[in-house]
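Protein chains: 2
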Amino acid sequence: MAGRAYVETVGQHEGEQATIKGWLYNKTDKGKLQFLLVRDGTGIIQAVAFRDDMPAEAFKAAQQATQESSIIMTGIVRADKRAPGGYELALTSLEIVQLADPYPITPKDHGVGFLMDHRHLWLRSARQHAILKVRAEVIRACRDYLDDNGFVLVDTPILTPAACEGTSTLFETDYFGESAYLAQSGQLYSEASIASLGKVYCFGPTFRAEKSKTRRHLLEFWMVEPEMAYADLDDCIELAEGFVAYIVQTVLDRQKAQLEVLERDTTLLEKVTPPFPRLSYDEAVAMLREQGHDMEWGDDFGAPEETALAQKSDKPVLIHRFPTQSKAFYMEPDPERPELSLSVDCLAPEGYGEIIGGGQRIADYDLLLTRVKEHKLPEEAFRWYLDLRRYGSTPHSGFGLGIERTVAWICGLEHIRETISFPRMLHRLYP
Amino acid sequence: MAGRAYVETVGQHEGEQATIKGWLYNKTDKGKLQFLLVRDGTGIIQAVAFRDDMPAEAFKAAQQATQESSIIMTGIVRADKRAPGGYELALTSLEIVQLADPYPITPKDHGVGFLMDHRHLWLRSARQHAILKVRAEVIRACRDYLDDNGFVLVDTPILTPAACEGTSTLFETDYFGESAYLAQSGQLYSEASIASLGKVYCFGPTFRAEKSKTRRHLLEFWMVEPEMAYADLDDCIELAEGFVAYIVQTVLDRQKAQLEVLERDTTLLEKVTPPFPRLSYDEAVAMLREQGHDMEWGDDFGAPEETALAQKSDKPVLIHRFPTQSKAFYMEPDPERPELSLSVDCLAPEGYGEIIGGGQRIADYDLLLTRVKEHKLPEEAFRWYLDLRRYGSTPHSGFGLGIERTVAWICGLEHIRETISFPRMLHRLYP
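These protein sequence lines are chains A and B, in that order. Numbered according to my numbering, the first sequence spans residues 1 to 431. Numbered according to my numbering, the second sequence spans residues 432 to 862.
Some hints could be false.
[As the list claims (entries may be wrong)] Where chain B lies over chain A, by a calculated footprint (3+ residues, C-beta under 8 Å): (1) 185-193; (2) 215-228.
[What the hints assert, rightly or not] In silico DMTMM-like pairs for lysine to aspartate or glutamate, Cα to Cα no more than 25 Å straight-line: (3) B:644 <-> A:178; (4) A:256 <-> B:603; (5) B:804 <-> B:603; (6) B:807 <-> A:117.
Hint data in this document are derived by calculation from the structure and do not stem from the laboratory. We put the CB at the ideal spot given by N, CA and C, even for glycine.
All chains, please: the whole structure from these sequences, using the hints.
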């Protein structure tokens with residue numbers, strides 16, 4: 001009786017019988033010999049079906065198995081340096097669980113639309129499998145880093161009564177007669193929890209109903225947002241540096257094989273260690289203008305500007321102190337130059353754009369109330385948020401890191417749509 | 432120069448100067464002596480302000496500090512067995528960061544409505560702080576258990592084109608001209624990812640627009656849903672047992688202090704180890720009828736029935752093989768008795784109700800198509816889901832565990848509204 005084994009750890013059974021349950025990835029027919037590539041979620045193994053070594057029925061099954069058929073196979077585990085993973089299976093039996101219909105995704109080039117329509121199947125490709133593994137590792141690294149550094153996870157609501165930043169890009173739903181909006185950030189709520197827990201983070205899906213089609217935007221994406229009481233902009237920048245470096249180094253450590261599948265050049269990733277270069281917005285604008293970018297003080301950076309700034313270094317670049325007018329209403333102004341906010345963005349290298357946005361939040365009640373009014377926000381809906389400045393307000397700061405952009409950068413992907421299992425984009429709600 | 436310390440680890444600085452940044456929780460005025468209870472998110476410490484030991488200005492600040500004022504204080508760390516936490520701070524300086532307005536939550540009894548309206552402040556109470564810590568631990572335990580047992584996190588979409596189970600309890604939103612619904616489960620999507628990764632889980636907010644007001648329901652709640660390829664109902668039950676036991680034991684190990692704050696009797700929790708008692712639906716109905724419950728075969732269990740069944744044991748109780756008619760369309764029927772489904776619910780002890788629902792999913796294409804039609808589901812929207820049975824279908828199973836109910840049980844709470852920072856309930860969207 002052979003025990004169940006997984007491809008990833010099949011070497012533990014060398015010389016023994018092992019049973020693998022998986023899907024047929026590819027097959028080479030050499031008559032009496034069938035070479036099967038079988039994947040089981042943990043890896044891909046070559047299995048050799050030799051007619052004389054197995055019951056006729058089992059060999060016939062090996063001959064008949066179609067791509068993506070689910071199969072259970074048993075055989076002797078043999079070390080083989082030529083085999084992917086270093087081991088192959090000399091089959092003694094094989095059973096088809098379900099004989100797959102002709103598989104729509106073939107080695108030929110498919111258009112992106114076709115692949116997206118078949119996303120539920122496309123996920124099985126070695127490339128998508130590798131991206132999903134890296135994504136899971138990125139998320140685990142985020143949580144481990146924060147959990148191990150004294151942050152407490154506090155889940156913030158998705159259904160919210162009022163907009164954090166503007167209302168034009170909000171998904172709206174009826175909430176028993178009231179209007180509710182899908183959250184774009186959990187930050188405001190996290191600002192409440194820091195007075196209970198000191199350091200917190202939220203980590204959930206966020207939503208932007210943006211009518212844009214770029215390779216960097218999804219309508220639904222995940223964001224991790226740490227927030228700290230008694231912390232200023234410098235604390236925020238220091239956290240961002242340590243956090244990003246830890247994520248990258250953890251993926252390098254634990255998902256090397258998947259980065260190889262993705263043919264990712266990891267030499268640049270290895271350089272992602274603190275400190276990261278820091279540049280004020282003023283310095284960034286001066287640098288861009290010197291390079292010939294047509295830009296006025298106060299302008300936002302577009303993708304070309306972000307790319308140019310990121311080229312300053314192999315590491316992520318931290319841009320701080322953006323104009324107050326270009327940032328959210330809750331940003332603390334620089335006490336020395338109130339036209340600047342104590343804000344920071346982190347730009348990924350290699351043109352992957354902004355992965356972090358954050359900074360210090362307004363601590364003073366009167367100033368925050370002024371800002372709420374200036375931005376014509378519904379004061380009553382922000383009553384609780386204003387309250388936080390009446391009962392033990394502290395300097396506090398935090399940021400949001402976008403998971404999908406971080407995964408796109410670490411994996412070296414051209415388009416963000418591959419960073420999540422079922423991306424939500426303009427006119428893309430299926431599957 | 433005193434270094435920043437945290438209450439939780441202040442003992443490391445015994446005999447030295449340490450600075451704590453926190454909020455005033457309570458104060459006793461003895462003239463020349465002010466006893467301050469200060470919390471900093473990691474714990475509560477007593478600080479003693481003695482007029483002769485500190486500058487006049489600092490002592491005056493100690494006298495003036497109101498409840499919930501944010502304060503930074505420095506002093507010598509002294510071991511004191513009578514002090515909460517075992518240490519107190521003999522102050523040498525104190526600074527008020529922000530003098531709090533009169534705090535609305537006082538030691539007197541407030542109504543629940545009032546507390547919910549002030550949820551952003553209520554979170555600071557010792558009890559709510561403890562619940563939030565336990566919740567974070569529950570979630571970490573869920574992730575660690577699955578990550579360490581070969582499951583890969585795959586985030587599933589919140590915005591979905593079609594309902595998993597009925598449409599009457601769905602939140603709907605406009606998705607650029609299409610209708611999108613907030614997901615009630617990620618399971619269907621996870622069934623796609625298992626063919627890529629073998630074992631996966633999703634973990635996100637889920638939504639039910641139910642017009643019900645019970646102490647067990649929220650409109651927005653978090654669910655962790657593992658799903659496994661090549662796994663039957665027994666595998667699912669075994670996973671559920673190990674999972675629940677691990678969560679409970681981890682909280683007992685790591686959050687003992689918080690369970691004490693909650694005055695939770697932990698003797699019952701300590702008994703939560705595998706195996707859990709198992710009972711078929713048939714057996715459960717027979718037992719309930721014997722006990723005088725008025726119930727027909729095929730009926731769902733209400734809260735009184737769940738409580739009665741749970742009383743069978745100090746451990747969670749696993750009820751399996753519910754009538755096919757009472758479960759979702761995708762449930763695999765028992766091959767020996769098709770009127771039964773290969774489903775399982777896990778009932779928490781002490782009357783906390785169902786915390787897990789799951790089972791084996793239909794693997795056969797034709798049967799699933801029949802069910803889709805019987806349930807009048809939009810076939811086109813389920814095309815991709817049906818596809819999973821055409822390309823390498825396997826027996827597979829999984830379940831969903833509701834985080835809030837699990838937290839309510841482990842913390843021993845009467846009402847689920849305290850299990851999440853900002854609960855969403857009927858007519859409760861603020862703060």
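**Prompt:** Okay, which hints does this one fail, numbers in order?
**Reply:** 4
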